[in-house]
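J.: Protein chains in written order, with the numbering used here: chain A, 1 to 205; chain B, 1 to 205.
These are calculated hints, taken from the structure and not from any lab test.
Wrong hints could be hidden among the right ones.
Below, in silico cross-link-like pairs of lysine to aspartate or glutamate (EDC-like), each with a Cα-Cα straight-line distance of 16 Å or less [stated by the list, open to error]:
| no. | chain 1 | residue 1 | chain 2 | residue 2 |
| --- | --- | --- | --- | --- |
| 1 | B | 6 | A | 79 |
| 2 | B | 138 | B | 53 |
| 3 | A | 38 | B | 53 |
Selected chain B positions facing chain A (in silico; Cβ < 8 Å) [what the hints assert, rightly or not]:
| no. | residue |
| --- | --- |
| 4 | 4 |
| 5 | 6 |
| 6 | 10 |
| 7 | 59 |
| 8 | 65 |
| 9 | 66 |
Here are a few chain B residues that sit away from chain A, every Cβ distance over 10 Å (derived from the structure) [stated by the list, open to error]:
| no. | residue |
| --- | --- |
| 10 | 14 |
| 11 | 45 |
| 12 | 49 |
| 13 | 78 |
| 14 | 119 |
| 15 | 147 |
| 16 | 196 |
C-beta atoms are modelled at their ideal positions from N, C-alpha and C, and glycine is treated no differently.
2 protein chains.
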Amino acid sequence: MEFSSKLLARAVDEIAQLPGIGKRSALRLALHLLKQPKDNTYHLAQALTQFRDQINFCQKCHNLSDQPVCEICANTNRDATVICVVEDIRDVMAIENTRQFKGYYHVLGGIISPMDGVGPNDLTLESLVEKIKQNTIKEVIFALSATVEADTTNFYMYKILAPFAVKITAISRGIPIGDELEYTDEVTLGRSILTRIPYEDALKE
Amino acid sequence: MEFSSKLLARAVDEIAQLPGIGKRSALRLALHLLKQPKDNTYHLAQALTQFRDQINFCQKCHNLSDQPVCEICANTNRDATVICVVEDIRDVMAIENTRQFKGYYHVLGGIISPMDGVGPNDLTLESLVEKIKQNTIKEVIFALSATVEADTTNFYMYKILAPFAVKITAISRGIPIGDELEYTDEVTLGRSILTRIPYEDALKE
């Protein structure tokens, strides 16, 4: 695409660097900003810059936070014996929404993915081991996605944590509640048979 | 969505103001910026601000331009007797890509759309009439989209320009080249029969 304006070309190029936004969408967004008051663009630019500049990570769980310690970690009413390992803030939000978990979190900040250049050292694994060493945690729950990269990360964490006297669990996988069996994909269905649980346990849920 | 950080919440809110981007996508984009070097965010913010601040409109055709007069209008080799009326810069780019038009453009800056609060006074219609009054233009081509709003705008322009001694044409509508008849929608097919042209004319294309 050739533009009649370098300012426009640069704005489009920058917007199109964002994941999932092509040149055409970027042009549409730039033209949208042009139709809005200038303040809208200033506010957007300022919000992005301040966010990137000033955002903190919680010293304890490594979640995004404006404070040195996030609200969840600052809450002393939660169960300090259970820690839930997640990939990023979206997973913390998703699990908090279920209201089923009362322990603390540990945010890895990613998952091992050689394709994206993310190795174990890019994650907050060292800090996780330090926490376990303090001997107050009785259970670590692996709550990553159901992808190959997440499986790799789970296995890597398992190897690191196995020497410690801590129970290691993983969130269950299987047929989503409300789904029909015949429409479930083969892999999920096959696994759900292999990892079947006593019916009495299923009743407890 | 409740966020653990106000900075994140504000960034997500601002991004989600853009058309076609929901809160979930906005969060994804914000987290993407966080994984990139800070400079990426600064460059994006700067490009948007500079674009919105410094962008000019060509004094002649009202297209986006870094100069007072855009490259097309500054080109004296084009045909000054034909003017092509379009909605915005994207349409200028699309028509230029066809290499089938050698006249000048007139960019309306939008189309009449009461739903979006866009009326005739928001468009560059006055400047279009001024151009016609100079009596050098022999033909005005309406090259708007094939939507209801565009039809309204075409009709409004037709009413304004009818008193002047200028030929008014509109780009043809019909079955896209390469499309099969049986898959063409009824309205397009019906219209293409009503607006049929002599076969000798079709041969010239």
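J.: Between the alpha carbons of residue 38 of chain A and residue 53 of chain B, is the straight-line distance 16 Å or under?
T.: holds (7 Å)
J.: Just double-check residue 147 of chain B for me: nearest Cβ-Cβ distance to chain A has to come out over 10 Å.
T.: holds (16 Å)
J.: Quick check for students: does the CB of residue 196 of chain B sit more than 10 Å from each CB in chain A?
T.: The assertion about residue 196 of chain B holds, with a minimum of 34 Å to chain A.
J.: Interface hint check: residue 66 of chain B, Cβ to nearest Cβ on chain A, cutoff 8 Å. Holds or violated?
T.: This hint holds: residue 66 of chain B lies near chain A, its Cβ roughly 5 Å from the closest one there, short of 8 Å.
J.: Under the criterion of a CB-CB separation shorter than 8 Å, is residue 4 of chain B in contact with chain A as hinted?
T.: holds (5 Å)
J.: Please check whether residue 59 of chain B passes as an interface residue: C-beta within 8 Å of a C-beta belonging to chain A.
T.: Constraint on residue 59 of chain B not satisfied, violated at 14 Å.
J.: Please check whether residue 10 of chain B passes as an interface residue: C-beta within 8 Å of a C-beta belonging to chain A.
T.: holds (5 Å)
J.: When the nearest CB of chain A is found for residue 6 of chain B, is that gap smaller than 8 Å?
T.: Holds, because the Cβ-Cβ distance from residue 6 of chain B to chain A comes to roughly 6 Å (cut-off 8 Å).
J.: Hey, does residue 119 of chain B actually stay past 10 Å from chain A on C-beta?
T.: holds (14 Å)
J.: Confirm or reject the statement that residue 78 of chain B sits farther than 10 Å, beta carbon to beta carbon, from all of chain A.
T.: Answer for residue 78 of chain B: holds, closest chain A Cβ roughly 14 Å.
J.: The output says residue 45 of chain B does not contact chain A. Does that hold with a beta carbon cutoff of 10 Å?
T.: With a cut-off of 10 Å, residue 45 of chain B comes too close to chain A, as the shortest Cβ separation is near 4 Å.
J.: Is it correct that the beta-carbon of residue 14 of chain B has no partner in chain A closer than or equal to 10 Å?
T.: Nearest chain A Cβ is 4 Å from residue 14 of chain B, so the label is violated.
Hints 1, 2, 7, 10, 11, 12 from the earlier list are contradicted by this structure; the remaining hints agree with it.
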